[in-house]
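Line by line, the protein sequences are chains Y and V.
Taken in order, the first sequence gives residues 1 to 225; the numbers are from my numbering.
Taken in order, the second sequence gives residues 226 to 951; the numbers are from my numbering.
Worth flagging that the hints you see were computed from the coordinates, not collected in a lab.
Among the hints, a few may not be true.
[To be verified] Some but not every residue of chain V turned toward chain Y, in silico, with C-beta under 8 Å:
(1) Cys-379
(2) Trp-556
(3) Met-648
(4) Gln-923
Note that beta-carbon positions come from the ideal geometry of N, C-alpha and C, so glycine has one too.
The chain contents come next:
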Amino acid sequence: MNSSVIVFPGSNCDRDIAVALEKLNFQNKMVWHKDTSLPKSDLIVIPGGFSYGDYLRSGAIAGKSNILNEVIKVANNGCLILGICNGFQILTETGLLKGVLLKNKNLKFLGKDVHVKVVNTENKFCNKYKKNQILKLNIAHNEGNYFTNKEHLKELEDKNLIPFKYCGENGDINEENNPNGSMNNIAGIFNDKKNILGLMPHPERMVDQVLSNNDGINLFTSLLN
Amino acid sequence: MKITNSVVEKHGLKPEEYSKIKELIGREPNLLELGVFSAMWNEHCSYKSSRIHLKNLPTEGKNVIQGPGENAGVIDIGDNDAIIFKIESHNHPSYIEPYQGAATGVGGILRDVFTMGARPIALLNSIHFGSPNHPKTKSLLNGVVSGIGGYGNCIGIPTVAGETKFNSTYNENILVNAMAVGHANKDKIFYSKAKGINKSVVYVGSKTGRDGIHGASMASAEFDENTEDKKPTVQVGDPFTEKLLMEACLELMKGSSIISIQDMGAAGLTSSSVEMASKGDLGMELDLDKVPCREENMTPYEIMLSESQERMLIILEDGKEKEAKKIFEKWDIDFVVIGKTTNTNNLTLKFEDKIVGEISVDALATKAPVYDRKWVKTKLPEKKTQIKDLKKIKLQDALLKILSSPNQSCKSWVTDQFDQMVMTDTVQRSGSDAAIIRIHKKEKAIAVTVDSSANYCKAHPHTGGKQIVCENWRNLISVGAKPIAITNCLNFGNPENSKIMGEFAECLLGIKEACEFLDYPVVSGNVSLYNGTNKKNIYPTPVIGGVGLITNINNRVNQYLKKDDNIILQIGKNFGQLYQSIFLEEVYSITDGPPPEINLSNEKNNGLIVLSLINNKLVSSVHDISSGGLLVALAEMTYKSGHGLRINKPKNLSNLMEYYFSEDQGRYLIEIEPKNLSVISKILNENNIYNEAIGTVQKDYFEILGEFKITTNDLYKINNTWYNNY
C-alpha cells in the first residue's frame, strides 16, 4: 500500500509516523508542504505537530495551504486520509471533517497515556480491532476538546462515525475518564463515507513494545486488509 | 553621549573595571563600545568570579570528545555516535516573566546543542520555587511549567525528566535550569572557532528586535524592589522559528559549507562574534546595516546588545553562500552575509558606512577580569537536636506525611504538561530514577537525569557537592546505565559575599572529588551567581545533569515491582543518620546538623556491583535510596506496579525512625527472583558489599510487619493529592 505523509514546517510527528508506516510495510513518501502535487497514494497521513506554529488557531493556516487543496481533491475521490492530533485539527479546518477542537477543559497541555475504546470496527481503519476493545494510547495536545452541533453529534452516533472514545481502564465511558472535555468522550471521528479519520491520540507511538505497547498497530494493519 | 560614572554603573561595571577598559584600549570607549564591554565582562559571560574554581574540575576522560568551553560538551558512545549535552539557567528572566523566561531557557539550551551538529533528542529541567504558601509561587509554577512545555512540545523534542522542588529560600528568586541532550555522528561535529581570513560571516534566524537588551547584565545582578521594571529585558520565545532554524542548520550541516557556527545566546551578536573571533585568534568586521531588524531605527548599540531569540552566526567556506542560502530559503529563514573575518584581531562595527566601534577582541575576551574572590569555609554543623528526645510519631503517620508533602508528591501535574513521547524513542519516561532514550534505529540507549540537594549543600557545601554527583551517578546505575559524564548548573548567591563565595568554592571541591573518584568528568556547564534579593541569598544549589550509556536496551530496568514473592534485597548499610533528612524537615521542621557522610569508595563499589547484576539479568527492578530514606524508596517501588510489599522489621533496632528514614548514601533496593538469591548473595559477599533481604513482594498491600498495613492504591492516592489540591 502506498502512503504519503504531508510535512509542514512545524510538523513534529512526521518522522514518527513514517517509522511506523515503514515498519508495517507501507511504501511511504514524504510530501513537503510547498509541493503542488501528490504522489499516487492509497493513504495520506497528516501528522501531529504545530503545522505553521499554530499561533493562530491550530491548523488554521495549514487548512489553507497549497498541498491541502490537493488532499481535499483526492479525499473527495475516496482516498483514505488519516489526520492525527494536529492533523485532526487541520482536517476540521478544511471542512473535510465537521466540528472543531477546542482548548482542553483544564486549559493545559496534556501529554499522557489514556484509555480509548474502539466503539465501531466496521470501517477500513478499525477492522482488525475487536469491537469494544480497550486500547492504551498516548495523547499530547492543547486543543483536543471536540465540539460540534447537536444534529451533527447525533448523526455521528447514529451513523457509527465515531470509532474511538476515551474510557477508563475497565472501559467506562464517563466524564471522569474524559481527559480533555470532548463531547461524548470522542477521541476520533469519520466523515460520512468513512474514508477520512481524524483522531487526537497517537497510534504511531504505540507500535513498539520497547516504548510502551502495540495497541496502535492494528489501525495500520486494518488498512492493509 | 559622555561616559559618566553613572553610565558605567548602569552597565554593571565597577569603576576599576572601567579603568581597565580604558587602559586596554588606550582611550575612552564610546557608548556602543562600553555596551559591548558590559555584555562581555558581566559575570554571566565572563565567569570572572568562578573561573579559577571551575578550572579544577576534571574535564577529561576516555569518552570525552569535547569538554567545557564550547557551546556544549560532547561524549563518545561508540559506533560513531556522539552525545552532545549541556544544562543552563534562566533564573532571573523566569522570575520576572515565568512563561517566556522558562520557554526561552529551553530554546537557548536547544540551540547550544544543535549548533554543534546534534539533533536534540531529550529535554530535562530542574525547577525550584519558593514556599507553596508564598503568594507568588503558584503563578510562577504555572507559568514556568507551561513555558517549558510550550517550547519543547512545539518544537517536538520530548521533555523526559526533571525535578520540581519548593523551599522558602527561593521565594524571591526561583531557579529554572534546562538541559538539552542531542545525538550527532562523531565525524560531524561543529565548533565555534573561526578559521581563515575574509570568510563570510552569516546571520541566520529571527530578526533582531529590542528585546533582551542587557539581559546578561541583568542576570548578573541581584534583584531589588525594582525587579518588575526589568520585564523589557526578558526575551520572547518562538519555538516554531527555532524548529525551522534547527532543521535548516541540520540540513546545511550535512554538507561541507560550515567552517564554524555559534548560537546567539546571552549577549546576542556581541558574544557570538567575539567568541568565534577570539577562539580563532582573528578579527571580525560586521556591517550592522545588514542585520535583519524587526523594529525601525534600531541603533548599533541596540543591535549589538539585543538578545532576540532563535538566531545563529555562521562562518562559511568560500563560494558556499548560494548553496547555503537555498536551504534557509526553503525553511523561510533569514540568511544574510553581515561581515567577514579579518586579520586585525579587532571587532570592527560599521554602520551607515562609518566605523562606529572598534575594540580588540582580546580585550573583550581573554583579557576580561578574573577575580580570586575572598571565601570562607563552612564548618560542619553541630547536631543540636537530640533525636531521642523528639516527640514520638507512628511510622505510618510519618510516612504518609512525607508522601503527601509538596516536595515528595507525585509530579504528574508537571510532567503531564510535557510531551514525553514525541520522536518515539522514549523508553523510560519520567517518574523512575532516570529517563531512557533509545538511539534512533539502534539497540542502544542513553539514560539521563538531573539532581540537586540544596539542603545538604547549605548545611555543608563540600559534602553536598560530593553527594549530588553520587546521587546522580546512582540514578543512572539504577536504570542499568554506565554513567559517562555530567554537565552542571551552578546556582549560587552573591559571590562578593565571602560566605557565598565559600559555598561555591567548597561545593565545587566536592563535585571535583566525587567526579574524579567515580571517573565521571564534567563536559559542560553554566554558572548563575547573584541569585538573591536585597542581600538575601539562595541556598547553594548546584544542579547536576548526568548521561549514561545502556549498550543493550534489553538490559534496562526501572524501579517498579514486577512479581509477587520476589525478594527485596537492600544493598549498602544503614547508619541511621537523620540530620538534614526529609523526615526531620517535614515531620518536625528541624533543619540543623550535618548532611549524611559520603564514602566514595562504598558508593563506587556498591554501584558497580548493582550495574553488573543488572547486566547479568539477575534483577527485576532497582531503586536507589535517597531523599526520604528506605521507607519512602520502598513505597515508590509499588506505584503503578500493581504489586505491594511485605517488609520485615530488623531484629536489633535502636530507633525505628533512624532505620527507616535516614538518608545514608550509596544504598539501593533490588528486587530479585528467589531462585537467584544464593548466587547474588555470594557475589555480594565475595565483594564485601553489605546486603540484606528485607522483605518480599506481595499483592495489593504495603506492609511493615508489626507496624502497619495499607493498600498500595491508598498509598498512591496519598502521593497524588497535593498538586491537584494546590
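Report task. Output the numbers, in ascending order, of every earlier hint that fails for this structure. Result -> Checked against the structure, the only hint that fails is number 4, while the rest are satisfied.
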